[in-house]
Amino acid sequence: IALLGESASSPWESLDEFFLAFDDRELLFNHLWELVGRETELNDLTKRLEDESPVVFLVGAGGSGKSRLLKQALHQYTEHHPTVRMYFLSRDGELSRQSIDDLGEGRLLLVVDDAHDRPDLHSLFEFASVNRDRVRLVVATRAYGYDRHRTQAIRFSLLDPKITAVILEDLKLEDAEKLARQVLE
Numbered sequence: 001i002a003l004l005g006e007s008a009s010s011p012w013e014s015l016d017e018f019f020l021a022f023d024d025r026e027l028l029f030n031h032l033w034e035l036v037g038r039e040t041e042l043n044d045l046t047k048r049l050e051d052e053s054p055v056v057f058l059v060g061a062g063g064s065g066k067s068r069l070l071k072q073a074l075h076q077y078t079e080h081h082p083t084v085r086m087y088f089l090s091r092d093g094e095l096s097r098q099s100i101d102d103l104g105e106g107r108l109l110l111v112v113d114d115a116h117d118r119p120d121l122h123s124l125f126e127f128a129s130v131n132r133d134r135v136r137l138v139v140a141t142r143a144y145g146y147d148r149h150r151t152q153a154i155r156f157s158l159l160d161p162k163i164t165a166v167i168l169e170d171l172k173l174e175d176a177e178k179l180a181r182q183v184l185e
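My numbering puts the first residue of the sequence shown at 1, with every later residue one more than the last.
There are no misleading hints in this set.
Below are the EDC-like pairs computed for lysine to aspartate or glutamate, each with C-alpha atoms no more than 20 Å apart in a straight line:
(1) Lys47 to Glu169
(2) Lys162 to Glu52
(3) Lys162 to Asp51
Just the calculated beta-carbon pair ranges, DEER-fashion:
(4) Pro161 to Ser123: 18 to 24 Å
(5) Ser96 to Glu174: 42 to 48 Å
(6) Gly106 to Ser157: 20 to 26 Å
(7) His80 to Asp117: 25 to 31 Å
(8) Ile163 to Glu126: 16 to 22 Å
(9) Gly106 to Glu169: 34 to 40 Å
These are computed hints drawn from the structure, not numbers from a lab.
No experiment lies behind these values; they were computed from the predicted model shown.
For each residue, glycine too, the CB sits at the ideal point set by N, CA and C.
Just need the whole structure built from these sequences, with the hints factored in.
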């Protein structure tokens, strides 16, 4: 690529770029519906983003609302922290040492959604460890990926072993019905 004078595509996306594919009300599955039944988890995630811990985990089953909750919490975060640069690791982006170095200086909030699908996060945890004064990670994963990534965070001294994740349990029946009404309308 360098010989052709082209730069490699970046695996990093902005908040809006990351969720663009889900910002169409005409799609059966979108992230424009009202967030339902997740007020406690939203408050918990927001507090953890504010407490400046190096890594914040969000754990839930497939379809439990991890991505939608992330979108809501991170939009709120950007309003209160306009100088922090936030990047999402794209769903199919190739993470490399160079792509991490390309992030540059300054305060960074790096977000990995569906981390359970990513076996390549070792260098990201290492980067956060070396730059702990300016880099934070938000990792959303299913339960089976949590143990692996939590172990990496502990190995790099990014996480106190006593700290737990924000866990998304199943919605209560009335909340599930409210969400279903939104979808059907």
